[in-house]
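FYI, in our numbering the residues of the sequence shown are 1 to 224.
No lab work stands behind these hints: they were computed from the structure. Hints may contain errors.
[Claimed, not checked] The calculated lysine-lysine pairs, modelled on PhoX-like cross-linking and capped at a C-alpha distance of 25 Å, are:
| id | residue 1 | residue 2 |
| --- | --- | --- |
| 1 | K202 | K115 |
| 2 | K88 | K114 |
| 3 | K115 | K161 |
| 4 | K114 | K137 |
| 5 | K115 | K137 |
| 6 | K114 | K202 |
| 7 | K88 | K115 |
| 8 | K161 | K88 |
| 9 | K137 | K88 |
| 10 | K202 | K137 |
| 11 | K114 | K167 |
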Amino acid sequence: MERENGWGSPDTRPSFYKFMQFPHLDQLEIPSRFFNEHLASDDGIRRVRLRGPCGSGEAKLQRCHGEGSATYIVQGWLDFAKTHCIGKGEFMLFFYNGSMSFDVRIYQPNGCLKKYPQEGTPSPTLSFPFFRHQICKRSVGRDCRLMIPMPFARMHLPICKQTMMLKDSNGISWLINIVATSAGRLVMSAGWKAFADARSLKEGDVCIFELVNQNLMHVRVHRS
């Protein structure tokens with residue numbers, strides 16, 4: 001499959017596409033033909049790198065041998081999907097860079113490229129580690145939660161139950177609880193809904209979380 005790059009010439013990198021039918025699945029199958037043609041020589045490598053508009057991360061590969069053998073992107077995929085708020089009916093193009101690295105583009109059900117506010121939106125000058133989260137349905141409303149990207153959590157936070165103060169650009173603070181799941185993920189739970197309601201967060205908005213210290217995050221909101 002070819003696509004036009006920013007200069008009008010075709011992108012000839014090997015690629016495949018996947019239609020998102022079940023957003024909550026924690027694995028994604030790589031087409032067998034693509035694997036055999038481009039990845040089989042690196043079959044001993046068990047990790048891939050995924051790079052999308054909202055950041056990059058690593059995921060594990062799982063090869064199922066035998067009749068009807070298949071290869072799946074597993075641990076790390078769900079974090080990538082949630083970070084990019086990939087919803088049902090959307091589809092993704094995976095462009096292979098070699099060395100087990102992919103660039104991922106996400107398209108809406110209408111076929112248009114899904115736009116994220118950081119594209120063309122001036123980013124604030126940040127002095128501390130940060131991550132972005134685009135608000136989706138499961139991030140707002142009743143019983144809402146927000147998952148912290150696993151690569152960020154592992155690098156900057158203890159993987160355990162903790163509290164965190166969120167401070168917005170007006171200097172108003174909210175205390176929230178962060179819980180650790182059995183899979184080792186960190187999730188903002190109690191207190192997050194109060195913050196989301198107070199800031200009138202809506203689907204499509206983007207929050208930038210800047211980790212000032214182990215107990216404080218500054219949060220900036222970009223409206224969709």
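A quick look at each hint next to the structure:
no., hint, verdict
1, K202 - K115, "16 Å, holds"
2, K88 - K114, "13 Å, holds"
3, K115 - K161, "34 Å, violated"
4, K114 - K137, "16 Å, holds"
5, K115 - K137, "17 Å, holds"
6, K114 - K202, "17 Å, holds"
7, K88 - K115, "16 Å, holds"
8, K161 - K88, "31 Å, violated"
9, K137 - K88, "12 Å, holds"
10, K202 - K137, "8 Å, holds"
11, K114 - K167, "29 Å, violated"
The structure fails hints 3, 8, 11 (numbered hints given earlier, in ascending order).
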